[in-house]
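Between the sequences and the hints, there should be enough to build the whole structure, so can you do that?
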Amino acid sequence: MKNNYKMVKNAVGRMVPDHVNGKSAVPYLGVGKFGPTGRKAAPLIATCADYPSDGNKVVADLKTALIKAGIKDGMTISTHHHFRNGDLVANKVFQAAAEIGVKDLMWFPSASFPCHSPLIELLDSGVIHHIEGSMNGPLGDYCSAGKMRGLGVLRSHGGRYQAVQDGEVHIDIAVIAAPTADAFGNANGVNGPSACGLLGFALADSQYADRVIVVTDNLIDFPCIPWQIQGNYVDFVVVMDKIGDPAKIISGTTEITKSPDRLLIAELTAEFVKQTCILKNGFSFQGGAGGTSLSFAIFLEEMMKEMGIKARFVRGGSTQYLVEMLESGLTDYILDGQTFDLEGVRSMRENPRHVNTSPFTSYNYHGKGNFASMVDVVVLGATEVDVNFNANVVTHSDGRLLHGIGGWQNCLFSKCTILPIPSFRDRIPVIVDEVTTLCGPGELIDVIVTERGIAINPLRQDLIKAVAGSSIPIRRIEDIQNEVEEICGGKPDKPRFEDEVVAVIKWVDGTIIDSVKKVKSD
Amino acid sequence: MNLTAQAGRRGDTVRSDCWVQIERTDSGGLRVDLHSKVDSLYGRSIRTLVTEELAYFGIENATVVIDDAGALPFVLMARVEAACKRLDNLIMKEYLPELRDCCNSRTERERFRRSRLYLPGNEPKFMVNAGIHKPDGIILDLEDSVSPLEKDAAAFLVRNALRQIDFGGAERMVRINQLPRGLDDLKFIVPHNVHVILIPKCESGDQVKKVASEARRIKAENGMTQDIYFMPILESAKGILNAYSIATSDEDIVALTIGLEDYTADIGVQRTAEGKESIWARSMVVTAARAAGLQPIDTVFSDVSDMAGLRNSVLEAKSLGFDGKGCIHPRQIRVIHEAFAPNEDEITKAKQIVLAFEKAEAEGLGVVSLGSKMIDPPVVKRALRTVNLAVALNLLPENWREGVASNEK
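For the protein sequence lines, the chains are A and B, in the order given.
Take the first sequence: its letter number 157 is residue 851 in this note's numbering, and every next letter is one higher.
Take the second sequence: its letter number 332 is residue 404 in this note's numbering, and every next letter is one higher.
These are computed hints drawn from the structure, not numbers from a lab.
Predicted model only: the values in this text are computed from it and were never measured.
One or more hints might be untrue.
Stated by the list, open to error - Calculated from the model, a selection of chain A residues having no Cβ within reach of chain B, i.e. all distances over 12 Å:
1) A705
2) S718
3) A792
4) K968
5) M1001
6) K1004
7) R1040
8) N1045
9) R1047
10) S1067
11) P1152
12) V1161
Unchecked claim - To spell it out: a stretch of chain B is covered by chain A in this simulated footprint if at least three of its residues, at any positions, have a beta carbon under 8 Å from a beta carbon of chain A; those stretches are:
13) 138-145
14) 397-404
Said to hold, decoys possible - Derived CB-CB ranges, DEER-like:
15) A:C971 with B:T420: 27 to 35 Å
16) B:Q342 with A:P1167: 38 to 46 Å
17) A:K841 with B:R343: 57 to 65 Å
18) A:D818 with B:E124: 41 to 49 Å
19) A:S1164 with B:N460: 20 to 28 Å
20) B:H107 with A:K762: 45 to 53 Å
21) B:K445 with A:I1003: 45 to 53 Å
22) B:E132 with A:G840: 36 to 44 Å
23) A:I1003 with B:L168: 48 to 56 Å
Glycine residues also receive a C-beta, built at the ideal position from the N, C-alpha and C atoms.
Dropping the structure here:
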């Protein structure tokens, strides 16, 4: 099945397979060029006659729930990453599946983390056939080495919602880890000993999966308020000792950077935003995890205080720093997709102005608009950018998969997209002739901020004019590239790949924007 | 002559550096065993460089192991050179990277030396981006930050850094080792366009003279004409008492500075935040430097996390008469520059004095006066310095005279 495809060239000149895991696929056509037709997918019609009228859907354990949900070979099972690297449920789901004796499952996580590396054993033994979701760390290496039987499919958070809604991916069984739930299946992420914030990534799964299992370590009496997940979608409730370690949602990415170079980049970014007059009363921005992005928010906060202005809303990943801005009145709202630390969790629980959102509201491209395009400025990371401003966020410069897409592609639609990135990492130039994997088209990427200067996309003449004559160090992207190549000892060689495709990168509309090939081993 | 030799560092925390081991073999040519995180990007280039460098040093049969954590070429070259010379201490020639255009700048006697950023001489990862933080000076340190066993390797690294790294507009400084070892350091830095040589633990003018004459000898040997300046660091009771004779011991001394860790230890007291114990010594340095027409530069502020403390310390240094301060982290630079910047009152007054001076000059008057007050020449000089600083810091436009003139009309 893996090799049953032809390679075709898409609108950005990348060769991509025309079939993915047995289904035909559309090559990327350009931003906004693919027009979907037809109706959305729909789950099975259920009847109350099949569910206990006292509302008690609790079953003995995960294994029982999976059996009652009708688990069988080849099914698609989904889990979510609200606990990030502290998730304890996904591994248990597939261990239970292994005990039941099913095989060839497709795992459809909203993201994977290094804590999921035990699943490599189950990929090897055949319980899991392949993964459609982000592949980090050991799972990324596994996939890059061509060891997975199916193709990996990487989607943005919005693309995951779109794929489920459009029927591209049919979830047979969704397992939702919920920090608090009642026996009916109402659930939320803000309460309980394992509170992790919100459960937005599981929204599509609750709405569209055939069977939905809620797993909790804090079962409370009906009603569970607020119900971020509605019990009316839920088939079974399972109680477990511990579903996750909320301390690990931090995952090392929510500390302010101490690196002087990165602080300089963050400061330049904030200066740029100020100089271009994006920073004005009622503006909005999206912060995120990652040291540079957090520092950017802190520099911005100082400027806002100095200028006496406030934001209408800030998009999370929330952290203590965004919470501080909310509580000191520097923003009216946090519209939060994901809490990155425990202060974020607390604030969401206590503050009605700290609002939980979902990939449906924020990112789904096949909807009647979404929030991402309404944000004034967003700062994002990247592993590589090319001279045409195309960017890579999933593979290392040596070609190995190392990150998921997350909300990255979806955020590119903001009014001003800035990538604050170092111009090289150790000896690895970040600005290249052509990105190893193209995840975001250059037409949507407006500004690259490096420690060696700022490059503005020539498509954004308005921004170029706005900073003309200022002290902002504007340079051509090629000039920064040349300087860095001189430092690093010339143009780098390209990583070497086999012909075999191991994963594809979906664009936000479900078309394929690039493919990832097996890394050649010497 | 050894059979094996190593140089450089490896391990999980090492970045932008590499570890090199050379093991002689009887035959079979060179074998390069490379483990590098940038193998797919620069593996070929690393192997070529290593092979060429060993051939240059005449090592024909050897197994070379390289553990590379993203070392830039100038680092790799320095580490291989260190390993080769530890293998065979009779090797005298040097393997020099190209002297890049950006490393060819000159300096001036009178320039701002508000901030000087210390970089450990054997730690490559801080070097390459130091210039983007725009300190007035960057010090590649061969002395206290380098362990005794790595002095040889640090000299190669600092030499290569002087030839390859773009330090932006920063003055290129090196702190040599305490004499006599420091005299040996000179051959690694003088031919490679060092601007200022810092002489640590200086106690007599004689020491400066030794450094200066050796530096001049190397300059002549290399046919160099550019200026190389000296900054003695006074770090002992004796050094402080000899401050003026040190300050006047050579015409190429541009600044005098003080090292308080060693000084307080030498006089047998604890160094305090308040600094009462060193106030006399610091004033001595200021006085001696001013008397000799040099810039007095204050000691290093070493608590990287305490920005408020740094600001106070710089303001205090400024009030004592210092023109500059040492630092060890790029984030300290701006705080130092801001604190040394003249305030509005100072600028206004300085402008008035400068204008009065120029007017007096134009009218051929020997005496400068402002209102009913006579202005002495040193005050004019200070005002000029303040105005120049304000212009350099964008606190005053370069054409400020026009603005003042039109306001007066």
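Checking the smallest CB distance to chain B, is A:S718 really beyond 12 Å?
-> holds, 33 Å
Between B:E132 and A:G840, is the Cβ distance one that fits in 36 to 44 Å?
-> Given a distance of about 41 Å, which is inside 36 to 44 Å, the answer is holds.
12 Å Cβ clearance of A:V1161 from chain B | holds, 17 Å
C-beta pair A:C971, B:T420: status relative to the range 27 to 35 Å that was hinted = Holds: the Cβ-Cβ distance is about 32 Å, inside 27 to 35 Å.
Cβ distance range 45 to 53 Å for B:H107 and A:K762, holds or violated = holds, 52 Å
Tell me if chain A covers the segment 397-404 of chain B under the three-residue, 8 Å CB rule, please?
-> Three-residue rule met by the segment 397-404 of chain B, so holds; n is 3.
Would you say A:N1045 is clear of chain B, with no C-beta pair closer than or equal to 12 Å?
-> Given that every Cβ of chain B is farther than 12 Å from that of A:N1045, nearest at about 31 Å, it holds.
Over 12 Å to the closest beta carbon of chain B is the bar; see if A:M1001 clears it.
-> The claim stands: A:M1001 keeps its Cβ more than 12 Å from every Cβ of chain B (closest is about 19 Å).
Is A:R1040 truly not at the interface, in the sense that its beta carbon sits beyond 12 Å from all beta carbons of chain B?
-> holds, 27 Å
Claimed clearance of chain B by A:A792, with the beta carbon kept past 12 Å = Consistent with the label, A:A792 stays out of reach of chain B, its closest Cβ about 34 Å off (over 12 Å).
Honestly, do A:S1164 and B:N460 meet the 20 to 28 Å range at C-beta?
-> This hint holds: roughly 24 Å between Cβ atoms.
With respect to the beta-carbon atoms only, verify the hint that A:I1003 and B:L168 lie 48 to 56 Å apart.
-> This hint holds: roughly 54 Å between Cβ atoms.
The earlier numbered hints are all upheld by this structure, with none contradicted.
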